[in-house]
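Protein chains in written order, with the numbering used here: chain H, 1 to 441; chain P, 1 to 259.
By construction, these hints were calculated from the structure, which means they are not laboratory data.
Incorrect hints may have been included.
Selected chain H positions facing chain P (Cβ under 7 Å, derived; list incomplete) [said to hold, decoys possible]:
#: 1; residue: Cys377
#: 2; residue: Leu386
#: 3; residue: Gln390
#: 4; residue: His392
#: 5; residue: Tyr393
#: 6; residue: Arg406
#: 7; residue: Glu414
#: 8; residue: His436
#: 9; residue: Leu437
#: 10; residue: Ala438
For every residue, glycine included, the Cβ atom is placed at its ideal position computed from N, Cα and C.
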Amino acid sequence: MNGEALIAVAPPGMAAAVEDRGAGEPVALRERRRAALEEALARPPPSPTDEAWRRTDPRRFDPERWPIAPAGPLHAAPDSPPNGALVEPFDAVLTVWAGGWSLADRSGVVRSRALRVRPLGEVVTSDPAAASALWEMAPSLGPRDRHELWALALASPALVIEAADGVRLERGVLVRSLAPPDMLWCPWLGVRVGAGAALHVAERLEVGAGGAESAAFVIAAIRFAVAAEGRLRWGRLQTLGRGALEMDYVFGRLERNAQADLVSLQVGSRAVRSRIGAEAAATGATVRLGGLAVGVARQHLDQQTVQIHAAPDTSSDLLFKVAVRDRAHSVYRGLIGARRGSVRITALQRNHNLVLNDGARADSLPGLLIDADDLTCTHGATIGSLDLEQIHYLRSRGLPEPVARRLLLEGFFEDILGRLALPALRTAARAAVRDHLAAMV
Amino acid sequence: MTDARPLLEVENLEASVAGKPILKGVSLSIRGGEVHALMGPNGSGKSTLSNVLMGHPDYEVTGGAVRLLGEDLLPLAPEERARRGLFLAVQYPVAIPGVTTVQFLKACVEAVRGREATKAAVFLRELRENARLLDLGEPFLNRPINEGFSGGEKKRMEILQMLMLKPRMVVLDETDSGLDIDALKIVARGVQRLIGPEIGVLIITHYERILTHLPPDHVHILVDGRIARSGGPELVRELEERGYDWVREPATAAASEPD
Ligand SMILES: Nc1ncnc2c1ncn2[C@@H]1O[C@H](COP(=O)(O)OP(=O)(O)OP(=O)(O)O)[C@@H](O)[C@H]1O
Ligand SMILES: [Mg+2]
């Protein structure tokens, strides 16, 4: 399909935006963008009767009602919100905004070529197989979501972080994603961890300074490729303002004996729809997935996780915790898939929900797609409220009830925060949870 | 030396749980510097009394009065009672997942004793010193409080909390139950550390042993929600020898006796 034909059917501005982004890129990437747009347009828009949208009204996530954030190198970095985490000794800080990106090489790791950050277009040219592996990775088991296709077509900036074989970057890379207020923004991030390398990444997604309370619509695509014996620890804290919409498609693939520890921290936004998963693609791969989500006021949190075992001797361990208050609503769906012939698999999935008052609601839907016969699979879900004995115990030690409740909630999330590799992110997440619960009563 | 005014006064206290009357008129008066022991058969209402004193929401006070240093305790929330100096070492300590002992104690000490007491250096020194006295090693301080602790460790943790909160009036609900001989001595040592002319102690127990370490001035025997007998330390001996039938109401005792 050519550009003009697209303009006829795409929402106003959409096709032009896709062409605009592809203009300076290799043809192969431009074609992929167009293909994604075409596929998105060929799909019927999501409807509340679709299984995947049964509990989340798709009208809340209508990208056609939002102006698309302009891309290109013309736009300077927005002022960043103050960020205490910046004083931490990260190896590097990558700042990403709608118009571009910048990289601060704090410990010389970029200079020494241990760490590299470059546009996806460059990877497409120099390493087409790796680029296409990142691009094609899919977090869902069925056909791609229409929103995910939008995100691919409009991806900008599309960047790849690469840790060279054998390097250890444990002081970490901080990724600051600054969403433009009142626009649709689709950042795309690929992370490649080389053979035997160790990389820690902390991402903070927030609205650029001055816009903290503004609306924003972010559809983020994040892909990990962890090579044999590599190790990735990644955490992402989303603290967009209360008018924001956040969708993410996070997926990783692990080679032989690779390890990934992925933690998603969903604190902000009016509505969240998150798809996160990983595939243990080769023998010995180990995946840990952690999630924390806090919903207050009328927040809607829709999270789906996928653990795929495509090889023998692989293990996955998932723990997702959710707390909802006021009239917030959470939906969690956990999928575990194992390919036939994948023997000696251990898959663990736990989802614990705290419903803090009557008007709030949490649903938990496990889904096992098992096609393997030698597998130890444990899954469990709980939905409950704060324990009254615990509250009384704390009060009898002098803590007022609200303080007691807050301490219990923090304790509830502590094992998720304990999964974060970088203390700066842990501190930020703890503060974000606390502020969120305090501010939005 | 002792304050003319009692530290804790319980007057004709009646309370029920789930609509069932448990305490049927309990009176006690404890002055600063005194140690009282409360004994009585299982189910007689000892824990109910301690829970009512602390303001547990499951228990409904249906009559009587409780005063701490002359102030009516009953309208106060549990945290207000704690801040006025009441401390209950509970029979079944509660685990708080994800909250370490240090974190927990810091929050509690700040709430009860004020911010001054939680200044990093002072607080940690005091905490370590008390933990050492109770033979609780550093790892306990950094573990979620009471989670996976053994029965005896939980009891020592209650005493650690007591020492850190510096209460005026302490109720120990079977803190000695389930302790080995050494742990019992350690717990007694902890309580002795606190005891002084200003402090009142009520020890709820089934056993004589803890009372040899913490000799009571007064002993009360609770039977079916009433203090059936009060006296000096000699009561403990008599109980050991004669059992509870001896103190049960004559009517009940007579009825259960064959002619
Ligand atoms: N929360 C509660 N719900 C229902 N019944 C209760 C509750 N707490 C106490 N009771 C009942 O009240 C009565 C007194 O119980 P309590 O725990 O006060 O006894 P106790 O003297 O402490 O016994 P023990 O020596 O076994 O510890 C018992 O019959 C008990 O079952
Ligand atoms: Mg009892």
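Evaluation of the provided hints:
The closest approach between the C-beta of Cys377(H) and any C-beta of chain P is roughly 24 Å, which is over the 7 Å cut-off, so the hint fails. Because the beta carbon of Leu386(H) sits about 11 Å from the nearest beta carbon in chain P, more than 7 Å, this interface hint is broken. With its C-beta approaching chain P no nearer than about 6 Å, Gln390(H) sits inside the 7 Å limit, and its interface hint holds. About 6 Å separates the beta-carbon of His392(H) from the nearest beta-carbon of chain P, less than 7 Å, and the hint is met.
A distance limit of 7 Å between C-beta atoms decides the matter here; for Tyr393(H) the minimum to chain P is near 4 Å, and the interface restraint holds. With a least beta-carbon distance of about 10 Å to chain P, the hint placing Arg406(H) at the interface is violated under the 7 Å criterion. The beta carbon of Glu414(H) comes within 3 Å of a beta carbon in chain P, closer than 7 Å, and the hint placing it at the interface holds. Below 7 Å, beta-carbon pairs count as interface contacts, and His436(H) has none with chain P, the closest being about 18 Å; its hint is therefore violated.
Hint on Leu437(H) is violated. Least Cβ distance to chain P is approximately 15 Å, over the 7 Å limit. With 7 Å as the threshold, the beta carbon of Ala438(H) stays out of range of chain P, its nearest partner Cβ sitting at about 16 Å, so the hint is violated.
The structure is inconsistent with the numbered hints 1, 2, 6, 8, 9 and 10, although it conforms to all the rest.
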